[in-house]
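A.B. asks: Residue strings, one per chain:
Protein chains: 2
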Amino acid sequence: MDPADWDIVKSTPLFGAMPLQTAQVLVGNTMPRQYEKGATLFLQGEPAAAFFIVLDGWVKIYRTTPDGLEVVLHVFTRGETFAEAAIFLGGRYPASGETVAASRLLRVEGTAFRSRIEERPALAMSMLASASYQLKFLVEQIEQIKVRSAPQRIADFMVRLTQVRKGTAVIELPFEKGLLANRLGMKPESFSRALAHLRAHGVTVERGTVNIADIGRLLSFVEYAPEDEA
Amino acid sequence: MDPADWDIVKSTPLFGAMPLQTAQVLVGNTMPRQYEKGATLFLQGEPAAAFFIVLDGWVKIYRTTPDGLEVVLHVFTRGETFAEAAIFLGGRYPASGETVAASRLLRVEGTAFRSRIEERPALAMSMLASASYQLKFLVEQIEQIKVRSAPQRIADFMVRLTQVRKGTAVIELPFEKGLLANRLGMKPESFSRALAHLRAHGVTVERGTVNIADIGRLLSFVEYAPEDEA
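For the protein sequence lines, the chains are L and U, in the order given.
Mapped onto the working numbering, the consecutive letters of the first sequence carry residue numbers 1 to 230.
Mapped onto the working numbering, the consecutive letters of the second sequence carry residue numbers 1001 to 1230.
Wrong hints could be hidden among the right ones.
As the list claims (entries may be wrong) - No more than 30 Å apart at the CA atoms, straight line, and that leaves these computed lysine-lysine pairs for DSBU-like:
id, chain 1, residue 1, chain 2, residue 2
1, U, 1037, L, 187
2, U, 1177, U, 1166
3, L, 37, U, 1037
As the list claims (entries may be wrong) - Computed beta-carbon distance windows for the label pairs:
id, chain 1, residue 1, chain 2, residue 2, range
4, U, 1165, L, 178, 38 to 44 Å
5, U, 1118, L, 56, 33 to 39 Å
6, U, 1207, L, 177, 15 to 21 Å
7, U, 1209, L, 65, 29 to 35 Å
8, U, 1161, L, 177, 22 to 28 Å
9, L, 211, U, 1031, 35 to 41 Å
Hints listed in this document are in silico derivations from the structure and should not be mistaken for laboratory results.
Backbone N, C-alpha and C fix where the C-beta goes; we use that ideal spot for every residue, glycine too.
If we strip away everything but chain L, and leave its shape as in the complex, we get (with noise of 0.2 Å):
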């Protein structure tokens, strides 16, 4: 393992979140191995003997349906880890895992992986603090990505206070708008500008009170979607 590997396992979203010799130990001192396209990882049914780290290449995890056809499941590239909830929870390989490229992988045997961390509680620790780190902020980039504009966010989450869904509503924000601001990813001054806007479609503020035209009009402004250019 040189020093671009252990990039790429802090690049993982397990490992990211904390001190590189921590991810050492629980990693153990594998080494990575080259694989040809084509070959097969674990199977489905099988036990779960090892998870994976991938430091280069491709691989899918699919199914095998009882009349012969196979289901891929996922994709995995560099970065990215795979087969760790089984060797996690123990048992079985609830799928079949295959590179489909070339590929350089780092396989962490499960039982030496689960005795580190049952020596020392505090390693699993701190994969949950990881982990949770990374949860906020996917948690968060999705929010923000996934309404665009600043009025259709702002719109977003006027249009969840209420159950309301036809004619006129009236709502009460929660807590004053410097928060609400913060809450959605935005400067105070965006978020001023983007609550002018959305006069345009009959929103209007006064303290904590909001009051809305058309509901129904509101809900297709968040839905807007601008067609696609292709």
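With chain L held as given, fit chain U onto it using these hints.
C.D. replies: Okay, now just chain U, sitting in the frame of chain L:
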């Protein structure tokens, strides 16, 4: 804790993908508590004593700068947990927590929580499995939301396979198109249609080889975001 409260606990990423019984053991027999608006839950620098699950309401996490300025880091609501990283890692709260609306919270004591896990490392494994399942789900969601149209998603995948950023580029697809469609979350038909659309952007695919007439042009297509309506 009534069943509806457990539904909320089960909607959090950390407790989502595990049996209800496991979640119940982990959370313990804590009772939810009602907090008024403006209640201080913990202060930055205090030893981390508990983490919280929001059953209802809104909580802000903030830091106070040396010159007394308050900087809000997060605003949490129903179905979200906060301060769990401080509990996983031990130590002190890195920020303060305060309700910004009347809130119903489940407060999970750190000491009890940690000793439950130390006695039964399998509990930590369940949380790790749940977190890792959620992480994958969120990463996938982000990939699929970020670039909106199917042709944009394919183009985005292609430009990442080369370092070329100007002029023509020739790329080898790392694996067959069926897997690529899967990785990008598309049905085979939509994938073929999207690929055909890309011809208008100077992209032709022959077997596994992709010819890009002008990668700069394709990059601007990937980054193309229609103007916000407002």
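A.B. asks: The structure should be examined with respect to each hint, and the outcome stated for every one.
C.D. replies: How the hints compare with the structure:
The straight-line distance between the Cα atoms of residue 1037 of chain U and residue 187 of chain L is roughly 24 Å, inside the 30 Å bound, and the hint therefore holds. Proposed proximity of residue 1177 of chain U and residue 1166 of chain U is supported: the alpha carbons are some 25 Å apart, at most 30 Å. Of the supplied pair hints, the one linking residue 37 of chain L and residue 1037 of chain U is violated, its CA atoms being roughly 59 Å apart against a limit of 30 Å. Judged by the Cβ atoms, the range 38 to 44 Å given for residue 1165 of chain U and residue 178 of chain L holds: they are separated by roughly 41 Å.
Taken as a hint, the range 33 to 39 Å holds for the pair residue 1118 of chain U and residue 56 of chain L, whose Cβ atoms sit roughly 37 Å apart. Between residue 1207 of chain U and residue 177 of chain L the beta carbon distance is about 56 Å. The supplied range of 15 to 21 Å is therefore violated. Taking the beta carbon of each, residue 1209 of chain U and residue 65 of chain L are about 32 Å apart, inside 29 to 35 Å as hinted. Remark: the range hint 22 to 28 Å for residue 1161 of chain U to residue 177 of chain L is contradicted by a beta-carbon distance near 44 Å.
Our hint of 35 to 41 Å for residue 211 of chain L and residue 1031 of chain U holds, since their Cβ atoms are close to 38 Å apart.
Against the hints set out earlier in the document, violations occur for numbers 3, 6, 8.
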